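Student: Could you build the full structure based on these sequences and the hints that come with them?
Here's the letter readout for the chains.
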Amino acid sequence: MFKFKNKNLIRIVSFCLLLLFLSGLIPSVRHNYLNVLKYPLVLPRLIGSEIKGIIFYHRNFIRYQAQLNEIDALTQRLNALGETVLENARLHDLLSFKEQQPYKTVAAWVVGRCPDSWSSCIIIDKGSRSGIKRGMPVITPLGLVGRITEVSRDAAKAVMINDPNLNVSAIVQRSRQEGLISGTLGNNLIMRYLPEEANIKLQDIVLTSGLNRAYPKGLAIGTVVDIGQEFSGLGRYALIKPRVSLACVEEVLVVIP
Amino acid sequence: MKNLVYALYIIIAGILQLGLPGYLRVFGVQPDLLLALVVMVSLRSPAGWAVGLSLFAGILKDIFSVSGFGINTLLFPLWSIAILNLNRKINVEHDYLRLALGYIIAFLQNMFCGFALSYSGRFVPLGVFTRILLLSSLYTTVTLFLFFRIDDARESGQFSRYFIPVRGWAKKIRSRLTSHK
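As given, the protein sequences belong to chains C and L, one line each in that order. If you're matching positions, the first sequence starts at 12 in our numbering and goes up one per residue. If you're matching positions, the second sequence starts at 30 in our numbering and goes up one per residue.
Calculated from the structure, these hints are not laboratory results. Source: prediction; values computed, not measured. Careful: at least some of the hints might be erroneous.
Claimed, not checked - Residues from chain L that face chain C, not an exhaustive set, calculated with beta carbons under 10 Å:
hint: 1; residue: ILE44
hint: 2; residue: GLY48
hint: 3; residue: PRO60
hint: 4; residue: ASP61
hint: 5; residue: LYS90
hint: 6; residue: ILE92
hint: 7; residue: PHE93
hint: 8; residue: SER94
hint: 9; residue: VAL95
hint: 10; residue: ARG151
hint: 11; residue: VAL157
hint: 12; residue: ILE161
hint: 13; residue: SER165
To be verified - Simulated restraints on C-beta separations:
hint: 14; chain 1: C; residue 1: ASN90; chain 2: L; residue 2: PHE152; range: 35 to 45 Å
hint: 15; chain 1: C; residue 1: GLY64; chain 2: L; residue 2: LEU128; range: 50 to 60 Å
hint: 16; chain 1: C; residue 1: ASP165; chain 2: L; residue 2: PHE174; range: 32 to 42 Å
hint: 17; chain 1: C; residue 1: LYS252; chain 2: L; residue 2: VAL55; range: 17 to 27 Å
hint: 18; chain 1: C; residue 1: ARG88; chain 2: L; residue 2: GLU122; range: 43 to 53 Å
hint: 19; chain 1: L; residue 1: VAL55; chain 2: C; residue 2: TRP120; range: 23 to 33 Å
Cβ atoms here follow ideal geometry from the backbone N, Cα and C, with glycine treated the same way.
Tutor: Set out below in structure tokens:
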């Protein structure tokens with residue numbers, strides 16, 4: 012009896028020792044086991060969910076349709092909110108810019124654009140009733156946009172700086188080099204009548220010179236992106252990338268001197 | 030009635046060209062919807078109406094453009110007269126012929142506008158000039174094709190079937206209102 016008990020004890024103790032050994036060993040190999048066992052464990056779950064899917068197909072389909080509708084509605088709402096946020100930020104910038112300026116400005120919405128490809132102009136929703144007159148500069152917080160050419164009671168037309176009909180007297184901010192900027196109908200403006208020895212470099216910032224008093228001095232126009240020789244050989248020209256994205260300007264300020 | 034519909038087309042095209050040029054722009058050029066309508070009207074209307082509507086379209090375009098003088102007011106009726114004369118001499122009924130005619134007219138219109146700008150001392154780079162000259166004309170021709178299709182659909186009565194139920198509802202409402210009285 013005692014012998015039997017002793018044998019049992021040995022077995023129990025050796026089993027406990029084995030368990031102890033395994034318990035010590037298992038944490039170090041747990042990750043590998045988990046990785047290996049994951050797939051067979053997931054398989055029954057997948058089969059179960061597929062069977063459930065087949066059984067509850069109709070209910071799921073109805074729910075799916077409802078959720079699709081909800082997603083559409085939420086996406087639409089999100090887009091509308093995003094537009095409002097962007098508009099709010101633009102108007103905030105415009106307002107803070109307006110407060111900083113020494114001259115009086117009138118804010119206006121762009122309601123229309125030029126109907127042909129040979130000119131570049133905008134139609135704004137403010138006119139002579141808001142104090143706007145012919146020749147007034149049109150700006151945004153980023154820089155110069157153009158100049159008012161026609162005014163009616165509640166609307167006005169402004170030629171943009173990328174129109175060839177508009178010339179702006181400008182200076183290079185770094186070197187104070189003067190030149191005349193005109194539009195090209197393309198993405199860039201051209202600064203002409205630069206002498207051969209003109210001190211102008213790429214990435215120079217170009218501002219309004221304020222020489223003919225048509226535009227306030229120091230309004231940003233753009234950045235120099237290319238410099239070349241005039242066809243006549245008498246001088247140089249510089250291509251200016253406008254600071255304002257003229258194709259998508261939505262709100263503007265008309266400067267009232 | 031047809032000519033009044035064309036006048037309505039011109040007004041709608043004018044509004045679209047003014048209000049949505051950003052959406053219509055491809056490679057920096059936009060189609061001349063009004064010119065496309067002038068070509069269509071000249072091919073499908075009697076002479077008097079065609080010239081009158083072309084003049085109206087030209088005035089509408091010039092009101093909102095920047096050019097120093099009414100170049101479109103001048104050119105649009107001239108194109109209309111040219112098309113009317115051509116239509117009397119040769120048959121311009123085939124689609125390809127109409128589109129070729131549209132392209133030539135748009136090309137000439139753009140060429141005149143471009144030269145008028147260049148000769149007035151304004152600087153237009155050759156690349157921009159060529160792009161507007163070729164692409165804008167092509168784009169105008171594409172819109173001309175669309176206008177022909179829309180007008181064909183209107184003439185064959187495909188649009189009116191959408192209005193028949195509306196007419197029916199209107200009749201019902203009117204009869205109910207009169208019976209209440």
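Student: Would you mind marking each hint as holding or not holding in the structure?
Tutor: Against the structure, the hints:
1. With its C-beta approaching chain C no nearer than about 9 Å, L/ILE44 sits inside the 10 Å limit, and its interface hint holds.
2. Satisfaction of the interface hint for L/GLY48 is found here, the shortest Cβ-Cβ separation to chain C being roughly 6 Å, below the 10 Å cut-off.
3. With a least beta-carbon distance of about 9 Å to chain C, the hint placing L/PRO60 at the interface is held under the 10 Å criterion.
4. The closest approach between the C-beta of L/ASP61 and any C-beta of chain C is roughly 7 Å, which is under the 10 Å cut-off, so the hint is satisfied.
5. Annotation: interface hint on L/LYS90 holds; nearest CB of chain C at approximately 5 Å, less than 10 Å.
6. Against a cut-off of 10 Å between C-beta atoms, the interface hint on L/ILE92 holds, since the closest Cβ of chain C lies about 9 Å away.
7. Look at L/PHE93: its Cβ gets to within about 5 Å of chain C, closer than 10 Å, so that hint holds up.
8. Because the closest C-beta pair between L/SER94 and chain C is about 5 Å apart, less than 10 Å, the hint holds.
9. Because the smallest distance between the Cβ of L/VAL95 and any Cβ of chain C comes to about 4 Å, under 10 Å, the interface hint for this residue holds.
10. With its C-beta approaching chain C no nearer than about 4 Å, L/ARG151 sits inside the 10 Å limit, and its interface hint holds.
11. Interface restraint check for L/VAL157: the shortest CB-CB distance to chain C comes to about 5 Å, inside 10 Å, so the restraint holds.
12. With its C-beta approaching chain C no nearer than about 5 Å, L/ILE161 sits inside the 10 Å limit, and its interface hint holds.
13. For the restraint placing L/SER165 at the interface with chain C, the shortest Cβ-Cβ distance is roughly 5 Å, inside the 10 Å limit, so the hint holds.
14. Take C/ASN90 and L/PHE152: their Cβ atoms lie about 41 Å apart, and the range 35 to 45 Å holds.
15. For the hinted restraint 50 to 60 Å between C/GLY64 and L/LEU128, the CB-CB distance of approximately 54 Å keeps it satisfied.
16. Checked against the hint of 32 to 42 Å, the pair C/ASP165 and L/PHE174 passes, with Cβ atoms roughly 38 Å apart.
17. Range check, C/LYS252 to L/VAL55: Cβ separation about 21 Å, and the 17 to 27 Å hint holds.
18. At roughly 51 Å, the beta carbons of C/ARG88 and L/GLU122 sit within the given window of 43 to 53 Å.
19. Distance hint check: the CB atoms of L/VAL55 and C/TRP120 are about 25 Å apart, consistent with the given range 23 to 33 Å.
The structure shown violates none of the earlier numbered hints.
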